[in-house]
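A.B. asks: Put the complex together from the two separate chains, hints included.
As given, the protein sequences belong to chains Y and P, one line each in that order.
So the first sequence is numbered by my numbering: it starts at 1 and just counts up by one.
So the second sequence is numbered by my numbering: it starts at 1 and just counts up by one.
Accuracy of the hints is not assured; some may be wrong.
[To be verified] Derived lysine to any residue pairs resembling SDA-like cross-links, with alpha carbons at most 25 Å apart:
no., chain 1, residue 1, chain 2, residue 2
1, Y, Lys202, Y, Gly54
2, P, Lys257, Y, Glu120
3, Y, Lys286, P, Phe23
4, Y, Lys289, Y, Gln357
5, P, Lys244, Y, Val50
6, Y, Lys269, P, Ala265
7, Y, Lys202, Y, Arg97
8, Y, Lys202, Y, Asp95
9, P, Lys257, Y, Met181
10, Y, Lys246, Y, Arg235
11, P, Lys108, Y, Ala140
12, Y, Lys289, P, Ala22
13, Y, Lys246, Y, Arg97
14, P, Lys244, Y, Glu149
15, Y, Lys86, Y, Ala232
16, Y, Lys304, Y, Asp288
17, Y, Lys269, P, Gly279
18, P, Lys108, Y, Arg235
19, P, Lys257, P, Pro242
Quick caveat, the hints were computed from the structure, so don't treat them as lab data.
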Amino acid sequence: MNLQEFQAKRIFGQFGIPVPQGEVATTPAEAAAIAGRIGGPVVVKAQVLVGGRGKAGGIKLAKMPAEAGEVAGRILGMTIKGLTVKKVLVDPAADIRQELYLGLVLDRAQRRVVMMASSEGGVDIEEVAARSPEKILTVAVNPFLGLREYQVRDLALGIGLPREQWAAFTRICQGLYECYMSCDASLAEINPLAVLGDGTLKALDGKMVLDDSALPRHPDLAALRDEDDETAEERTARLNDLSYVKLDGEIGCMVNGAGLAMATMDIIKYYGGSPANFLDVGGGAKADKVAAALRIILSDPNVKAVLFNIFGGITRGDEVARGILAALAEVPTRVPMVVRLVGTNAEEGRQILAQAQMMTAETLAEAAQMAVAAAKGA
Amino acid sequence: MSILVNKDTRLLVQGITGREGAFHTEQMIAYGTKVVAGVTPGKGGTWGVGNTPIFDTVREAVHATGANVSIIYVPARFAPDAILEAADAGIPLIVCITEGIPALDMLKVRAYLDTTASRLIGPNCPGLITPGEAKVGIMPGYIHTRGRVGVVSRSGTLTYEVVYALTQRGIGQSTAVGIGGDPINGTSFVDVLKMFEADPETDQVVMIGEIGGTDEERAAEFIKTKMTKPVTAFIAGQTAPPGKRMGHAGAIISGGKGTAADKIAALQAAGVRVARHPGEIAELVAQHM
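The following block holds chain P by itself, in its conformation from the complex (with noise of 0.2 Å):
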């Protein structure tokens, strides 16, 4: 079972002739994910890596090939459109990895997305895996093993850092989720914490958090409120001054809110176990097992 994505995802790559969707589009095949079809305007017809379909347009493909998930590669200044196509085109779940989206864009295409039936994950984000089913993303497939933790983050390279040390550790991972470091996004930690917590395949979640919005603060209250399953946690930027933006548009600490220290406190409260480094992750969870 897992969430969101497994082996009969049927994956449509918008920007597929680009360097990074070509790239990783070969690399999300070799993983073993169904690759159904590439959109790029202007080049419908033709074929992509993995002799992949092109077509013109989103409808058009998802017509031709039943393709059930998007993963968006674009340029930034063309990634709220291709959202919006992927929406109106039916598909249920979108994927954006594309990084600096203006976030005034971002406000009217999650506005718009919250009258339709789409899920959209990210933007700037490393994506999502079903280990051994689908990787729909840009995480190294490798350092993930077939398991029942479920892994949902902010960020990426510390995801893949916390994934990694499971890994080694002999402890699996039913689906890891990076929902993105930017300020609105599509998908937040209590969605996902709501798919982990209905997942037969899931026993236990990890929760990778950092400074900057409240969104921590509310899966703190979901999981206090609603959660049976234990979760472990890491909150990122504990160092962090405040006012400073520390690379992701997210991650700023503001007026006093959104501090490392409040959303730790949120989550102790809420019987979360919070490492203090990511190193004590695995050994948290490895006590749960």
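Next comes chain Y alone, as it looks inside the complex (with noise of 0.2 Å):
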């Protein structure tokens, strides 16, 4: 789960991580009044969880309550990669003398949490690293020791930090590390962590990414959860338990398993077609959650075929089976099927389809053939 820029810094807030004292609006009137509460020039933020909001002009500055009132009814409304913009953060403007970054990510080679920090922040990480790599210091964190001090120290002195901003760093790095284990993130990053024109740092930006096998243990952060953050599909989705993305294809899939899921959109693209989304209905789905799907993907208008494709282990053909014609009972289609089913109980699952005018195939490659060829007839 990834959580918005604000939700972030307050938890870094809460860890001893300085941050700026901002408030989050949702109607221009609204951005005008904390502003006018802030008493100064602010900066105006889209609350999107894409990158590229400053790009796509979803961050502005503003002089005075009522430039920050207009400036939030431009941002607020604006759809930025695909996303509309319904939240604003208006933070005090910080008077920044240089951008640092620092981040918190699970490294699977080293299997380590491992600590980043650059002296260039401010940009995507991921271009400094191909830019110019020797800029981005590591160290790996031992799970069982912690942070230590001289972890921090050889960051610090790599970055080229001053010396005396070496404490308030120290306390930072510890406080993002404790923030990031309590939390169960995947990742927590400050860009830019600002070294202000007084010399105190500050987390200007913060970004955080939450490990979603771990949220039944935070129930406070899964409240966090903000439904304008999903679509109506992945909403579906998530509440019965099916790992769904959308893409923008043309045939719609239902698999069990999510390698074979991934293996069906790539052998729908060697066939000259393109996969409408992934979706892993999970082991030992049952015909309601089998009717879920298929309601999501019956759901996209850019659909102009489906195809199934269950190996049956713990997940039984005949289930399927059933769950595919309560749904097709409850949404009548025209879209063509193709349904390709093995293992367990196949032979019971195809016999319960051929009542419904269903195409079937043996093979993964036939199936995939007849959904693309089915998809160009349409």
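C.D. replies: Quick look at the structure:
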């Protein structure tokens, strides 16, 4: 789960990291009122879960409260990479002397949480990594020892931070590590970590990604999920425990298992089609789950054919077949469908589907070719 | 011989009384696996499916039955404890099927396991099977057949797909290992490739990877420098968009790393034949026979 900037910074603040004292507005009037309370120049920032907000015009400075309202009026409602801006964060404008980068991420290869720091803050860290990798310093944290002070000194020295800022930098690094571990994050990033005109450090932007598997033990963090940030289909998928990612092709896919679902998308592409989605119904999928999945797929107007690829193991072919029929009874459609059932109770499943007008295939390659042909014919 | 499990495997099931655990224990016994014990804290002294004796602790079960492999079906919030308990009881091979264990829990579990002699396979994996000898997992047994091709995969049902295609072509498997789709796991591609390279009953290997991480790239490096047996590979997720998690917690392309194209290029440079789609794998394997 991704957190919005204002949520991430609020959490950083709870771990002793200095953050701007801003507030969130949903209307221009609110934004103007917040700017009035701050009493000075402010920065109005679109709260959407995509990168590149600044380039898209979603971050603007305002000198006076009236101007803040005006700017907020322009940002609210604008669309950035497909997402509509419904909230803005109004922060006091900062007197920035230098922009640093500080981040924590799980490094799978080292099997360690790794802290990264760079003197090149304020831009995408991936850009820095590509352009001048030597400007990114990293230290790997032993999970039993935690982040040690000498490691932070290594980072501070490496990014050329003046000694008088080391103490503040150490507190921020330790706060961020503590925050990462206690929230079960998979990413925590301060970019920029600004050196202000008076020499103090402040986290001007924040990003946090939480480990979905750990959300059950963090009900307070799980509650931060904002339904504005997901589409209706994503919400239905989440509530039905389906893994779903919308893509922009025309062949809807329903598959059990994530690897097989990706391979199904790949083979559709190989035969000249393009997948409309990734959808894993999971192991042991029952009829109602299958029906929910099919409704999600059919709600996409781009879908011109649907491909079911089910390899029965824990999942039973007859259960899946019943789910397909149930969904079709509810959502009548003329979209052609190709079914490929193998494994546990596949024969029973095929018999159940024989009454519905569906194309059946033996192999995945055959099924993919049939779906591509059906989508082109439609 | 094969690798990791065989007819001498004495299997312990942690979570044998749960719905999943009971069902799959029955299936594993039906396949011919020697299930010698079950563990469910609080139910010691009773009997589980297949008249399997149940113990309260792993230590007790190992002492009484000589179990040498453990399979774990307990829910995610108890799974880290179950893995550590098996390791502390000296079980050399631990297979964790459980899905949804928080990554930071696995970080500590793996760091601890590295100080013991135990090997973990998984979590979030289908387990492993040596056809005709032992099935330690949740895969449908009948799709496998005894043979000389080793299979190693990060995925579940995609492995079944590939194994089934091999079997239909009359190509049998020595052992098929699912290492799991999580970012932090117990056993990597390289670990399993090493074992297949050393196994006299394996002639060639099929490796099924997916987007995310750099485990496939490291496998390519190993194949290039250390492996003599032919390897055929497939990488799932060639059409996946960056930044989106594709079901598996490990399957995400981040920061331009972990793309299918990178992995395929690395494998091809190591002399691996990479199938363009799963249907092609069995064909490429047949060419090596």
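A.B. asks: Could you run down the list of hints and mark each one as holding or not?
C.D. replies: Hint-by-hint comparison with the structure:
1. Y:Lys202 - Y:Gly54: Holds - the C-alpha atoms of Y:Gly54 and Y:Lys202 are around 19 Å apart, at most 25 Å.
2. P:Lys257 - Y:Glu120: 20 Å, holds
3. Y:Lys286 - P:Phe23: 16 Å, holds
4. Y:Lys289 - Y:Gln357: Holds, at about 21 Å.
5. P:Lys244 - Y:Val50: 12 Å, holds
6. Y:Lys269 - P:Ala265: 19 Å, holds
7. Y:Lys202 - Y:Arg97: 11 Å, holds
8. Y:Lys202 - Y:Asp95: With Cα atoms ~10 Å apart, Y:Lys202 and Y:Asp95 stay inside 25 Å; holds.
9. P:Lys257 - Y:Met181: Holds. P:Lys257 to Y:Met181 sits at ~24 Å (cutoff 25 Å).
10. Y:Lys246 - Y:Arg235: 12 Å, holds
11. P:Lys108 - Y:Ala140: 14 Å, holds
12. Y:Lys289 - P:Ala22: 23 Å, holds
13. Y:Lys246 - Y:Arg97: 42 Å, violated
14. P:Lys244 - Y:Glu149: Between P:Lys244 and Y:Glu149 the Cα gap is close to 35 Å, so the pair fails against 25 Å, i.e. violated.
15. Y:Lys86 - Y:Ala232: OK: Y:Lys86 and Y:Ala232 at ~16 Å, within 25 Å.
16. Y:Lys304 - Y:Asp288: 23 Å, holds
17. Y:Lys269 - P:Gly279: 14 Å, holds
18. P:Lys108 - Y:Arg235: 32 Å, violated
19. P:Lys257 - P:Pro242: 9 Å, holds
The earlier numbered hints that this structure contradicts are 13, 14, 18.
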